[in-house]
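Student: What follows is each chain in one-letter form.
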Amino acid sequence: SQTIHQWPATLVQPVGSPLSLECTVEGTSNPNLYWYRQAAGRGLQLLFYSVGIGQISSEVPQNLSASRPQDRQFILSSKKLLLSDSGFYLCAWKRDGNQPQHFGDGTRLSIL
Amino acid sequence: ILNVEQSPQSLHVQEGDSTNFTCSFPSSNFYALHWYRWETAKSPEALFVMTLNGDEKKKGRISATLNTKEGYSYLYIKGSQPEDSATYLCASYYGQNFVFGPGTRLSVLP
Numbered sequence: 001s002q003t004i005h006q007w008p009a010t011l012v013q014p015v016g017s018p019l020s021l022e023c024t025v026e027g028t029s030n031p032n033l034y035w036y037r038q039a040a041g042r043g044l045q046l047l048f049y050s051v052g053i054g055q056i057s058s059e060v061p062q063n064l065s066a067s068r069p070q071d072r073q074f075i076l077s078s079k080k081l082l083l084s085d086s087g088f089y090l091c092a093w094k095r096d097g098n099q100p101q102h103f104g105d106g107t108r109l110s111i112l
Numbered sequence: 113i114l115n116v117e118q119s120p121q122s123l124h125v126q127e128g129d130s131t132n133f134t135c136s137f138p139s140s141n142f143y144a145l146h147w148y149r150w151e152t153a154k155s156p157e158a159l160f161v162m163t164l165n166g167d168e169k170k171k172g173r174i175s176a177t178l179n180t181k182e183g184y185s186y187l188y189i190k191g192s193q194p195e196d197s198a199t200y201l202c203a204s205y206y207g208q209n210f211v212f213g214p215g216t217r218l219s220v221l222p
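Just so you know, the protein sequences line up as chains P and L, in that order.
Residue numbers for the first sequence, in the numbering used here: 1 to 112.
Residue numbers for the second sequence, in the numbering used here: 113 to 222.
Just so you know, these hints were derived from the structure itself, not from any lab.
One should not assume that every hint holds.
[What the hints assert, rightly or not] SDA-like mimics (lysine to any residue), calculated; alpha carbons at most 20 Å apart, straight line:
{"hint": "1", "chain 1": "L", "residue 1": "Lys169", "chain 2": "P", "residue 2": "Gln99"}
{"hint": "2", "chain 1": "L", "residue 1": "Lys154", "chain 2": "P", "residue 2": "Glu22"}
{"hint": "3", "chain 1": "L", "residue 1": "Lys170", "chain 2": "P", "residue 2": "Asn98"}
{"hint": "4", "chain 1": "L", "residue 1": "Lys169", "chain 2": "P", "residue 2": "Thr24"}
{"hint": "5", "chain 1": "L", "residue 1": "Lys154", "chain 2": "P", "residue 2": "His5"}
{"hint": "6", "chain 1": "L", "residue 1": "Lys154", "chain 2": "P", "residue 2": "Asn30"}
{"hint": "7", "chain 1": "L", "residue 1": "Lys171", "chain 2": "P", "residue 2": "Gln99"}
{"hint": "8", "chain 1": "L", "residue 1": "Lys169", "chain 2": "P", "residue 2": "Asn98"}
{"hint": "9", "chain 1": "L", "residue 1": "Lys181", "chain 2": "L", "residue 2": "Val125"}
{"hint": "10", "chain 1": "L", "residue 1": "Lys154", "chain 2": "P", "residue 2": "Gln2"}
{"hint": "11", "chain 1": "L", "residue 1": "Lys154", "chain 2": "P", "residue 2": "Leu46"}
{"hint": "12", "chain 1": "L", "residue 1": "Lys154", "chain 2": "P", "residue 2": "Arg108"}
{"hint": "13", "chain 1": "L", "residue 1": "Lys154", "chain 2": "P", "residue 2": "Asn98"}
{"hint": "14", "chain 1": "L", "residue 1": "Lys181", "chain 2": "P", "residue 2": "Thr24"}
{"hint": "15", "chain 1": "L", "residue 1": "Lys169", "chain 2": "P", "residue 2": "Pro100"}
{"hint": "16", "chain 1": "L", "residue 1": "Lys154", "chain 2": "P", "residue 2": "Gly97"}
{"hint": "17", "chain 1": "L", "residue 1": "Lys154", "chain 2": "P", "residue 2": "His102"}
Just need the whole structure built from these sequences, with the hints factored in.
Tutor: Laid out in structure tokens, this is it:
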């Protein structure tokens with residue numbers, strides 16, 4: 001069966017510090033991968049998606065970046081966090097085509 | 113900018129009541145409409161993936177319909193139970209990326 005792991009579960013970082021959130025998928029190959037953010041009181045906003053190794057599409061311009069160094073690994077990064085980066089970050093995967101997404105447990109990021 | 117809307121924003125019903133919510137999406141370049149249930153302290157869970165105009169899907173007491181020509185989908189819950197309390201999200205899928213609605217928060221009171 002397929003599983004998705006996302007870590008850490010919670011993170012408190014000062015403004016201006018770097019960020020690295022990691023997401024890995026097991027039990028499938030060549031998944032489509034997604035990073036979402038839910039800011040306080042708002043819906044899920046798609047940040048990045050990837051259909052293959054090294055292929056990243058950005059939906060929202062910001063100071064975040066994403067990388068996919070391996071088939072089942074998706075990393076969300078920032079060189080310098082802003083207060084507005086606070087929120088709940090979710091990673092998800094799906095098979096190609098009209099298939100449902102499967103979400104990780106999320107990371108609660110608080111910027112001080 | 114594609115915009116997916118959901119109504120109502122929140123809903124309180126009594127146990128045993130039936131209820132429904134609406135998802136509105138742009139019908140151009142449509143691929144599929146997804147429904148997810150997001151319970152507190154858990155990750156979103158897929159309910160339905162719908163693609164064809166007139167589609168109707170059912171899972172237990174929950175069902176959904178799809179109108180791609182006018183760009184809306186309804187989610188119905190029959191005989192609501194406290195365990196149905198969650199935020200229900202719809203998302204329009206445009207081939208590779210998703211646009212999520214803000215969700216409908218359902219509270220079922222015992």
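Student: Please go over all the hints and tell whether each is borne out by the structure.
Tutor: Here's how the hints hold up against the structure:
no.	hint	verdict
1	L:Lys169 with P:Gln99	holds, 15 Å
2	L:Lys154 with P:Glu22	holds, 18 Å
3	L:Lys170 with P:Asn98	holds, 17 Å
4	L:Lys169 with P:Thr24	violated, 31 Å
5	L:Lys154 with P:His5	holds, 13 Å
6	L:Lys154 with P:Asn30	violated, 25 Å
7	L:Lys171 with P:Gln99	holds, 16 Å
8	L:Lys169 with P:Asn98	holds, 15 Å
9	L:Lys181 with L:Val125	violated, 31 Å
10	L:Lys154 with P:Gln2	holds, 17 Å
11	L:Lys154 with P:Leu46	holds, 19 Å
12	L:Lys154 with P:Arg108	holds, 12 Å
13	L:Lys154 with P:Asn98	violated, 24 Å
14	L:Lys181 with P:Thr24	violated, 38 Å
15	L:Lys169 with P:Pro100	holds, 14 Å
16	L:Lys154 with P:Gly97	violated, 25 Å
17	L:Lys154 with P:His102	holds, 12 Å
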